[in-house]
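Engineer: Chains as they are written, first to last, in this note's numbering: chain A, 1 to 97; chain B, 98 to 588.
By construction, these hints were calculated from the structure, which means they are not laboratory data. All values reported here derive from a predicted model rather than from experimental measurement. Beta carbons: idealized from backbone N, C-alpha and C, even for Gly. There is no bait here: all hints are sound.
Far from chain A, by Cβ distances over 10 Å, these chain B residues were calculated:
| no. | residue |
| --- | --- |
| 1 | Ser119 |
| 2 | Ala143 |
| 3 | Trp299 |
| 4 | Ala303 |
| 5 | Pro342 |
| 6 | Leu366 |
| 7 | Ala383 |
| 8 | Ile384 |
| 9 | Pro508 |
| 10 | Thr509 |
| 11 | Gly575 |
Incomplete in silico selection of chain B near chain A, CB under 8 Å:
| no. | residue |
| --- | --- |
| 12 | Leu440 |
| 13 | Gln477 |
| 14 | Gln478 |
| 15 | Val479 |
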Amino acid sequence: MKLLSRAEVDELAHLARLAIDDATRERLRGELGAILEHVAMLGEVDTAGVEPMTHAVAMTLRLRDDVPGPTLPVEVATGGAAVVADGGFVVPAVIRE
Amino acid sequence: MDDVTALTATTLAADVRAGRRSARAITDAFLDRIAATDGAIGAYLAVDVDGARAAADAVDAARARGEALGPLAGVPVGVKDVIVTRDLVTTAASKILAGWRPPYDATAVARLRAAGAVVLGKLGCDEFAMGSTGEQSAWRATANPWDLARVPGGSSSGSAAAMAVRSAALTLGTDTGGSIRQPAAFCGVVGLKPTYGRVSRWGAIAYASSLDQIGPLAATVADAALALEVIAGLDPRDATSIDAPAPALTAALDRGVRGLRVGLPREYLPDDLDPDVAAAVARARAILADAGATIVDVSLPHTRYALPAYYVIAPAEAASNLARYDGIRFGARAKDPADLDALYARTRGEGFGAEVIRRIMIGTYVLRAGSYDAYYRQAQQVRALVRRDFDRAFAEVDCVLAPVAPTPAWPTGATPTPLDMYRADVFTLACNLAGLPGLAVPCGATAAGLPLGVQLMGRPLDEATLCAAGQVIERATGPAPRAPWPPRGAA
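Model the full assembly from the supplied sequences, consistent with the hints where possible.
Structural biologist: Right, dumping it as C-alpha cells:
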C-alpha cells in the first residue's frame, strides 16, 4: 500500500494550516496513501478532448443591480467572533518592528 | 389515544388549516415525542422548545385572525445542523463551530417558516456532512431506530432517524454524495435530493459547492413533494439557484407510470450486490412494470469512475470552502497562539475531526501544483463523462431505478477504513456529479427487519416523474411504517 512520506504530510498540513500531532501524521500517511491510490484509477479513463465539467448546470453568472441593500449591523456580524474590539476582529500581531 | 406524531405532514397541515387541530397541540406532541425517544436515538443536537411553541402559537393566532395559512401550517420540522437557523445554535456537528448562533436563516428554513412550519430543533449529522454513518459527529452519534446497534446512515443521520421514529413530521437534510438518500434508505423513510440548483444553498454550510443540495426527508413521497415545492425556487442570494418555475410535484403525484420508460443500469446491479438490496430493486422493478411502466436495460459505463472522481472533486472543494474556519470571524479560536499562523493552524487542528482533516488534506493534495492536472482536472473530465452517460440514457428512458446503498444499515463501529466508508456511496454520488434529482423510497425490509430502499434518478428538474414513480412503489408496498417504539432489543 502506498504511504505518503512524513515530509509530504507535513507539507500538506502546512498548506492547509492544520496543526497535527505525530500520531495523526503517522495515521494520515497510510490513509491518504490508500485514498490517493484508489483515485489514481481515474488515469485509466481516456479523457482526450473532454471539456472539464466544473458545474452541474450550464449557466452564466447572474448580475444584480448595483444598488445597496440591507446588511447586518456590525455588532451582529461580529457577534460570533471570539475576540472583537472597536467593531473589528482582533488578530495576533502580523507586523513586527 | 390519538397519536398526532403518526400523521403525515400533509395531513397535519390540512388539519391545522381546517381548524381540526391546533398547531400548538401538534408541536407539544412532537416535543413530547422527542423527550421520549431522543435519549436513545440521539437525533437532535438542539431542541428549541420555546421557539417552537412561539411559532406554533403564531400559526394558531394567524388562523384565529382569519388569515390564510401556508401549505405547511403547524408542521413540526427538524433541520440538519449544517443548515443555519437564526439565533438557534448551529455547529455542523463540529467543535470548530461550538456554540455558534447564526445571525440569519438559510433560505430553505425561511421558506419553511413562511409556509407555517414550526422548527423544533437541529439534527445531528457527520461533521460538515462528511461521512456515511453519523459517527463522524463531534457531539453524538445517532442510532438507527430500527436497530439501535446499527448506524442510521449519513451524513443526514438525525434527519433520517427523527423521521423513522417521528420525532419530527418533516426534516431537512443535505446531499453532496448521497447524504439524504442513503440515511433515508437505512432508516426506512423517503429522501429527495433535488436537481442541483433547485433549492437555494444560501445558509447551507458549504462542503462541496458544486455538489451540495438541500432536500427533504419525509414519511411519504407526498410529504417530500410538498416540502420541495415550498423550499424550491430562485434565490438572488445563491448565484447557482436555477430560475425555473416552481415544480408542480403534488399535482403530479397521482399520474402513475403507465407508458413511462424506466431504465435499469446494469452497472448498478453487480453480481456481488447484497441479496436483500438486489431483491428490493427487483421488487420495485416488478411494481413499476405491473403499473404499466416499460423496463429497459441501460448502461452507464463510467459508473465505476464516479467514486474516485467524487473523492477528488468533493475534497478539493471542501479544502477551499473550509479555509474560512480560521478562528477569527466566528467559531472556536485556539488559546494563546504564538502568532497568526499558529492561530490558524492550531484552531483548525484542534477544531476539526479526523474525517474533515482527511478530506482537507486530500483536497489540498489534488489541488496543489504538480498534481492538479493528473487528479483535479482529470476528475472534472470524468465528471463530464458521467453526466454524458446519463444524458444518453435519458434519451431512451424517463428515469432510472437503482439501489441506494450496496447494503442495508451496518453495525455501529464496523466501518474498517475511510475508503470502505467511501465505497458505501458508490450508487449515490454519480447523481450529484451529474447534478440530477434522486429519490430514495422505502421498498420492503430484510428478514431481520432492517429497512430497504430503492433509488430513482431523473432528468434535471424532473422531480415530478420521480415522485409519481416513487408513489407507485409506496402504494404497492404500503406506507413505510414508523420504527417500533420502544425499540427492538431494548430492555
